[in-house]
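Engineer: From the two separate chains plus the hints, produce the assembled complex.
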Amino acid sequence: MTASNYDEIMQLLCDRLGSLTASDIQITPESNLIGQLSIDSIKLLNLIMEIEDTFDISVPINALADVQTVRDLVDLIYKIKSSS
Amino acid sequence: MNLLEKLDAAAAARKALLPNGVGAFGIPIEEVYSATEARIGHRRVLLLGTNNYLGLTFAPECLEAAHEAIDEEGTGTTGSRMANGSYFGHRALEKEFADFYQCSSGMVFTTGYQANLGTISGLVGRGDTVLIDGDSHASIYDGCILSGADIIRFKHNDMVDMEKRLCRLGERTQTTLIIAEGIYSMLGDQAPLAEIVKLKNKYNCTLLLDEAHSLGVLGETGQGLVEKTGLLKEVDFITGTFSKSLCSIGGFCVSNHSQLEQLRYVSHPYIFTASPSPATIASTRAALKLLSGGTELRDQLWKNSNQLYTKLEETGYTLGPEPGPVIAAIVDNPQQALALWQGLLDHDIYVNLILPPAAPEGKSLVRCSVNAAHTIEQMDYVGSIFAKLKQEIFK
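Residue numbers (our numbering), protein chains in the order written: chain A, 1 to 84; chain B, 1 to 395.
There could be a bad hint or two in this list.
To be verified - DSBU-like cross-link-like pairs, simulated, lysine-lysine; straight-line CA separation at most 35 Å: (1) K289/B x K43/A; (2) K15/B x K43/A; (3) K390/B x K43/A; (4) K81/A x K164/B; (5) K43/A x K311/B.
Claimed, not checked - Quick list of the computed label-pair ranges, beta carbon to beta carbon: (6) K79/A x A16/B: 31 to 39 Å; (7) G125/B x S84/A: 21 to 29 Å; (8) D66/A x F272/B: 51 to 59 Å; (9) S84/A x S34/B: 56 to 64 Å; (10) Q36/A x G293/B: 57 to 65 Å; (11) G79/B x D7/A: 57 to 65 Å; (12) F25/B x A63/A: 52 to 60 Å; (13) I42/A x E322/B: 19 to 27 Å; (14) T28/A x A387/B: 44 to 52 Å; (15) D7/A x G316/B: 36 to 44 Å; (16) D7/A x Q342/B: 46 to 54 Å; (17) K6/B x I42/A: 38 to 46 Å; (18) G26/B x D66/A: 29 to 37 Å.
By construction, these hints were calculated from the structure, which means they are not laboratory data.
Virtual Cβ for every residue (Gly too), placed ideally from N, Cα, C.
This is chain B alone, in the form it adopts within the complex (with noise of 0.2 Å):
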């Protein structure tokens, strides 16, 4: 088989996984409305399936501070942060994250992959081990295989197997670098922060936490699970997206360890990319304003999310552990959940789909992230179309 054959032998298989040319992975939207609302084909839809946890991606601030940018700067650096790419707003930025966690260093990436690749890499490489959880975002493994590091797997949120896994290693602890995320994106669960602190105390290691689902989300102020647990001085470094919570594109890392500085010489993913345009920085500083400045919005977000949790729970849905924005309804075959796909876009409502391998446990997803800007009726709908699929689908 040729390379090309390769390719169109996983066309065929993805083919079959769904046929008549259904186009629930990359489908278009023609127009958006607003946060909640946008155009797919000639239907005006609710977005239930973005990561606009907070509904900022039209605040008047980001907007403002955006168009400003873009008629001082430019519409992109067209450099690295090596060489010409590092402008006032970037280093200002990163001041800003490394105040808001606060640490002593933050450095910006060009997108939160880049963030995680940039990260893992620099810290780790050959002879070290990284240690990660089995659900792992696909950008955490990326960065492993980068590091070129041993590469070991525990069951997710399993702390008992973590443990075994961790006590196998023996000395290499030493040089092995755990790593979590505050908010699973599959099924929307947290880390258990406190059980892994623990561990990493015990076996000397060094923790990352990945704080991209939980950033604004998390927390009184928004930073994540850290805050929430009150565990910020006890991770070593965290890194995030811009592309959630605050709407735009990029990525970070913070930390209190002086060496966080040297990744900018080391670490191919933040060198060997231009920085992020001045109208995404500028944007990306006014959420962050928004996200700290107080919790109106995270409150409205847990209002939407328990909502529409307690109700998709009540009508008889199998759903991730744990209420928050990222409400997954766990279905047992591809077919059914392809159809509850396709019955809640043909009522004008867009989600995820997620099919096996991406899935855990050879389940098939369908996946809500619910956002600020719902409203109370939205929810409502939603929860009632849910409902009747169920009856139809699921007889």
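Looking at chain A on its own, in the form it has when it is part of the complex (with noise of 0.2 Å):
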């Protein structure tokens, strides 16, 4: 993995995440997924399970404990695909 997949994962995150909140709602690496965007837990398990398909990894739910913004989220998602 390079950084540039880095971005490319921020990007295909935002851009979804777009399609699941408000047209108004600015979305950034800062914001907070619950608070700011309004996912809610299913919403976020459903996004989750698109997630593995895209990247065609497994991400253990129970890992989210600790996801609270966009970029953990991504950051997440870097470090599962690239030790697998």
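Structural biologist: What follows is the structure, given as structure tokens:
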């Protein structure tokens, strides 16, 4: 994995989150998934399944305990993808 | 935001969903008249939102057994199974469950929730994996979280999706526990057990099936989905609850793996809680005999279920994918669901209201649970009120 992969993951995730949130909300790496983007637990779990399929990885949902922001989620995906 | 303000925020969100103080959740039941009728407020209502599938809550055999147990052994055990809480009845019930499922071992837990928590967290731990259906009950999710194992979800009842996720696990499938349910509580549909077993064997996993809603409902003797599909011997661990068809409270796990016994020494939800009361154990033992003793109650349950499912389907409601005692009308938004729920209550019918995010795919559910004690006339009445409300609410 390279830095550009990281950026690609970030872009892809921001695009996907854009379709799950209100159109007037600006999504940044520091956006809080629950507090600012209103991604509830079920939406997040379903998003994780999509991410698994997109990147062909396994993302254990218990790993989400430390995920609060968009950047946290990208870090997690990048870490799993890098070690797979 | 401090801790209490967080709770205020959650309360505000709940109020936004349920305006005017409507008490759809935790509604007080003032008096219970029978397995099918109770009083809510000043109304005598038809109970169509309980898990009393065989209608045994007032079965004379269960009442008598519970009374005798209280007289002879007192109101509670006041201790855990590990200490002073293993009476003759607890051990006898474990043997009876093991025999019922033709298994070598059985364990009794204090609640059905704890049966899943205790079994799952005893079987898997850090470094292991659990592969669970996306629509799994909260007790399964919580048991997995407690275990520390990696939790992977597959799309509800989607075997292509499940295999895709198994493939990604590689060699880790050997330490993977697959978990499915006989009947899913939200939509009332059954797991595709034959296909799950095929994948379990192909990838060398272990399989746990929760028969909470299917015990007493499916199979010739009421074992559940394992009996209906003839796959009893293919399932490694079976869990279930006493609080549905058996009409008390508690849970169990049975298995032909001798290692089940080790759970008594490692499973915190089993160890660190008081054991079920003598009356609970006694009425459960009596109910298990009734459940397995004939098909009459099951036949009546299915007759009622099929009648109501057909009626609601003909009326134009969108329902779960197959008939069964759990019949969920799937509604697009919470406001319509609330109107339907309230409309039914105004006509003296109590059902369950399920709103997002608890309901699948952002929908809302008005869920009926049919039981064997309901009459054909009661089912007719419920069907007619659903039809009337369809015209009024979904114009």
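Engineer: Taking the hints in turn, state whether each one holds.
Structural biologist: We went through each hint and held it up to the structure:
Restraint check for K289/B and K43/A: not satisfied, since their Cα atoms lie roughly 43 Å apart, outside the 35 Å limit. Between K15/B and K43/A, the direct Cα distance comes to roughly 21 Å. Compliance with the 35 Å bound is thereby established for this hinted pair. Distance hint between K390/B and K43/A is fulfilled; the C-alpha atoms sit about 30 Å from each other, no more than 35 Å. At roughly 17 Å between alpha-carbon atoms, K81/A and K164/B fall within 35 Å of each other, so this suggested pair holds.
For the given pair, K43/A sits about 33 Å from K311/B by alpha-carbon distance, which is consistent with the 35 Å threshold. Take K79/A and A16/B: their Cβ atoms lie about 37 Å apart, and the range 31 to 39 Å holds. At roughly 22 Å, the beta-carbon separation of G125/B and S84/A lies within the given 21 to 29 Å, and the hint holds. Hint check: D66/A to F272/B, Cβ distance near 27 Å, so the stated range 51 to 59 Å is violated.
Look at S84/A against S34/B: about 58 Å separates their beta carbons, and that is inside 56 to 64 Å. Taking 57 to 65 Å as the suggested C-beta distance range, the pair Q36/A and G293/B conforms, at roughly 58 Å. Look at G79/B against D7/A: about 59 Å separates their beta carbons, and that is inside 57 to 65 Å. As the Cβ distance of F25/B to A63/A is approximately 31 Å, the hint placing it in 52 to 60 Å is violated.
The supplied range of 19 to 27 Å is met by I42/A and E322/B, whose beta-carbon atoms lie about 23 Å from each other. At about 51 Å, the beta-carbon gap between T28/A and A387/B stays in the expected band of 44 to 52 Å. Restraint check, D7/A to G316/B: a C-beta distance of roughly 50 Å breaks the suggested window 36 to 44 Å. Between D7/A and Q342/B the C-beta distance comes to about 51 Å, which sits within the given range of 46 to 54 Å.
The beta-carbon spacing between K6/B and I42/A, approximately 19 Å, falls outside the hinted interval of 38 to 46 Å. Checked against the given bound of 29 to 37 Å, the beta carbons of G26/B and D66/A, roughly 33 Å apart, stay inside it.
Hints 1, 8, 12, 15, 17 from the earlier list are contradicted by this structure; the remaining hints agree with it.
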